[in-house]
Amino acid sequence: DVKVTQSSRYLVKRTGEKVFLECVQDMDHENMFWYRQDPGLGLRLIYFSYDVKMKEKGDIPEGYSVSREKKERFSLILESASTNQTSMYLCASSHLKGQEGGYTFGSGTRLTVV
Amino acid sequence: QKEVEQNSGPLSVPEGAIASLNCTYSDRGSQSFFWYRQYSGKSPELIMSIYSNGDKEDGRFTAQLNKASQYVSLLIRDSQPSDSATYLCAVNRGGNKLTFGTGTQLKVEL
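Taken in order, these protein sequences are the chains called A and B.
Counting along the first sequence from 1, when you hit position 17 you're at 17 in our numbering, and nothing is skipped either side.
Counting along the second sequence from 1, when you hit position 6 you're at 6 in our numbering, and nothing is skipped either side.
Mixed in with the good hints, there may be bad ones.
[Said to hold, decoys possible] Here are a few chain A residues that face chain B, going by a calculated C-beta distance under 10 Å:
hint : residue
1    : V12
2    : F20
3    : F33
4    : Q37
5    : A92
6    : G102
7    : G106
Simulated from the structure, these hints should not be mistaken for lab results.
Source: prediction; values computed, not measured.
Cβ coordinates follow ideal geometry from the N, Cα and C atoms, glycine included.
Okay, chain A solo, but in the shape it has when bound:
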C-alpha cells in the first residue's frame, strides 16, 4: 500500500513562529501536493511539486513556502505563522505526471496558531 506519512498529527504554535510540516511518501511518486482543509471551504491547494527541487504555487500560496530536496519528501513552511493559518493540513502524492491518477493522502496535521 502507498503510504504518505505526515510527521505530526497535532501542532500548536505561536503567532510569528516559523513552522515546518513534513511529508514523506514511500511509493516513488513524482507528484506531491499540500492542501489545507477548512469547514465550508473544502480543500484548497497551497503548493505542489512534480519533481525534486521543483515547486509551483497553488491557489493560496501566500504566507507559505515549500521544499523538495528529495523525491520522497515534501515540506511545507509557514514563514511567520498567523492565526488565520489555523487549519487541517493535508499532504498528498500521486503517480503519473500529466496523466490521470487519484491522490493518496497523509493522515493530516491539525495546526493551531495561538
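Since chain A is already given, all that's left is putting chain B on it; use the hints.
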C-alpha cells in the same frame, strides 16, 4: 460559480437503501473525476475514479459521468452505517491538480 459543487447535506438514508450523491463542475475540459470518502477527523481516501461517460461499478459503488451535462454522481447500494461519512467529489483540472467540492455528508440510519 464554484468550480465543483456538491450539496452539503446531510443526506439521510435507511440502512439497505441506495444513497445517491451528486456533483456538478464548471470546467467543460475536465477529463478525470474522483470520489473520496472522509470519516470525521480522518483524511480523505479514494474510493472511485471515472474518466469516460457512463457508469463504472466497483462492488457496492457506482460512479456515473455525464460530460455534456457536467455532472458526476456516486451511487452506494445496500448502504451500511459504516458508509456514514462525508463524500468529496474531485475534478482534475490538468496537471493532476484536483479541485474538490466541499463534500456531502451521508448518514445511514439503522
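Right, here's what the structure says about each hint:
no. : hint : verdict
1   : V12  : violated (17 Å)
2   : F20  : violated (19 Å)
3   : F33  : holds (8 Å)
4   : Q37  : holds (9 Å)
5   : A92  : holds (8 Å)
6   : G102 : holds (4 Å)
7   : G106 : holds (6 Å)
Checked against the numbered hints above, the structure violates hints 1 and 2; every other hint is satisfied.
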